[in-house]
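> Now for the letters of each chain:
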Amino acid sequence: MWGQGIIKGLRVTARNFFGSYFHKSRLVTVEYPEQKRPTPENNRNFPFLVYDGDDPEKGLRCVACKICEKECPPQCIYIVPEKDERGRPRKHPHLFDIDISVCMSCQICVEVCPFDAIKMDQEYELSRSNRFEGLLLHKRDLAKPNAYYRQIHPTEASLVDAELEQARQQQAAKEKPAAGATAGPGQPPQ
Amino acid sequence: MQTILAVTDPEFWIVNLGAWLTGWFEPAWRPWIQALLQAAALVGGFATLFAVTTILERKGLGRIQNRPGPNRVGPFGLLQPAADGIKMLTKEDIVPARADKIVHFLAPIVMLAPVTLAFAVIPYGREMTPMPLDAGLLFFFAVGAGSELAAFMAGWSSRNKYSLLGAIRAIAQMISFELPLVLSTVAVVMMAGSLSLVEIARRQAEYVSFVPQWHILTPWGLAGFLTFFTAALAESNRSPFDLPEGESEIIGGFMTEYSGFKYAIFFMAEYFGMFAVSSLAVVLFLGAWSAPLPGLQFIPSYVWFGIKLMGLLFVFIWLRGTLPRLRADQLMSFCWKLLLPMALINIGVAAGWHYSRDWSFPAAWGCRWFLGLAGVGLPFMGLAWGLRRRRGWGPRVYRYAE
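If you're matching them up, the sequences are chains X and V in order.
Number 148 in the working numbering belongs to position 113 of the first sequence; there are no gaps in the numbering.
Number 131 in the working numbering belongs to position 87 of the second sequence; there are no gaps in the numbering.
Please keep in mind that the hints were generated in silico from the structure rather than gathered at the bench.
Errors might be hidden in some of the hints.
To be verified - To give an idea of the interface, some chain X residues facing chain V are shown, with a C-beta separation under 8 Å as derived from the structure:
no.: 1; residue: 51
no.: 2; residue: 52
no.: 3; residue: 63
Said to hold, decoys possible - Some, not all, of what chain V presents toward chain X, calculated at C-beta under 8 Å:
no.: 4; residue: 110
no.: 5; residue: 112
no.: 6; residue: 366
no.: 7; residue: 428
Here the structure is a predicted model, which means the values were calculated and not measured.
Virtual Cβ for every residue (Gly too), placed ideally from N, Cα, C.
When you get a sec, could you build the whole thing from the sequences and use the hints?
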């Protein structure tokens, strides 16, 4: 009534002013390009292709079955399977493009993939100088190692790895009586 | 220039530098050269202070809001004013097609010129007044009143309803608050017996034992300072009285149709007005260039002036970070029903303080202080209480708009 409110307000702002020099916790700003908030584990934006081992070309889990291409609601995936000399498909993508300007991050491609070959990425610094070519990601850009997948989605990745390992062992057990000593090559999960 | 300064005084060199520089010219030219030099020093100095204040304000407001403030340009963001300046200079200058082009062009200049003139009469240090007029205070207010005209020129010539609304607000506010601003200085003029700011400053530079004779250290001076400062906030269109530009209500007020460098000049004029009126507050109430203790006189007088000025500017920024904007009717009732009566009562209290000077009975000092504080405190409490009881501060009643 007699100006106490002004004094009280000035006290609050003065405490903020001087406090911000002494208590780092008061400055909550994350100075973005230098500092980044860790993304939550379930954060997802665009798909990427998982590969096992060290070679992003040979290790790709993708067999170019085109299920994701067919299921993709905005149809942002484009796959051309690799052909051998006789023109038969080789269970390996020759081209695998995702247009992230079209992708709506629905994760349906991940749900339908029977080979756990496509997963959702967390990379968000995707600005490009060209909005057509730049936003069309090719196989080379999309292929990322399984270690990276384990790093961004640890829980999900360990489940997937366990499943793959189990499937591999079952496969090996099935092949053992049939083929005897010649066990399938089956790449070990990373 | 009077030659009261000794060679050992730090002011001696600054004052005589001007005399030495003008000595190179024909005697007939010397007054002009000297005026030019002083103007250049003033404008240069205050333009630098303007740059410093903008970065300090942005940093300070940031800290008040628990943000780091600008920190991208240069170390700690210190080069931000340079970046702002380049941005302002290179922006497109848009003039509305139907605007009155000449008046639209003149308004920023008319805004900046009077506040720059007002700098001339401020005593920045011992014997460091560019233009020691006998009626310096009068000159200050006389030229300061020109900025109202500029605000209305800008608002009217833009041919934009928001500009005009802002200009109307600016006129109403500046003319209303001019009254308590001037009346709160009347007490100082009465006590000093002079309109000369140099004289007012010199009188405050004396000490009784170790207590400086600053006007703020008296009941009437304290009340006068608070009244003056509040009116000065409104006069320089600073928050919480920044209605003329109120972004959330009328976009940018009279500055809506200004862009580029013209806008920068308006901005500069606003800050210059803030500096001028803060300098005047320092001179009238805070002892101008005198040191707060006799033992601190070895620090140059202009440094003391600068410290006090920066302190007041900090309070300006602090208040801006604290108080929300007033409503137009609250602003007016605050001015006419509280500030103006307080300024008038304060003149009476100052007179009482003056005539009780010779009291010599025991505890006369305490008695004077008690009476002085009661003389300003009781009316203030009564006015505040009365304002609260009557309508004015309550929620607004819409009679026709419902």
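> Each hint: holds or not?
Right, here's what the structure says about each hint:
| no. | hint | in the structure |
| --- | --- | --- |
| 1 | 51 | 5 Å, holds |
| 2 | 52 | 5 Å, holds |
| 3 | 63 | 6 Å, holds |
| 4 | 110 | 5 Å, holds |
| 5 | 112 | 6 Å, holds |
| 6 | 366 | 4 Å, holds |
| 7 | 428 | 5 Å, holds |
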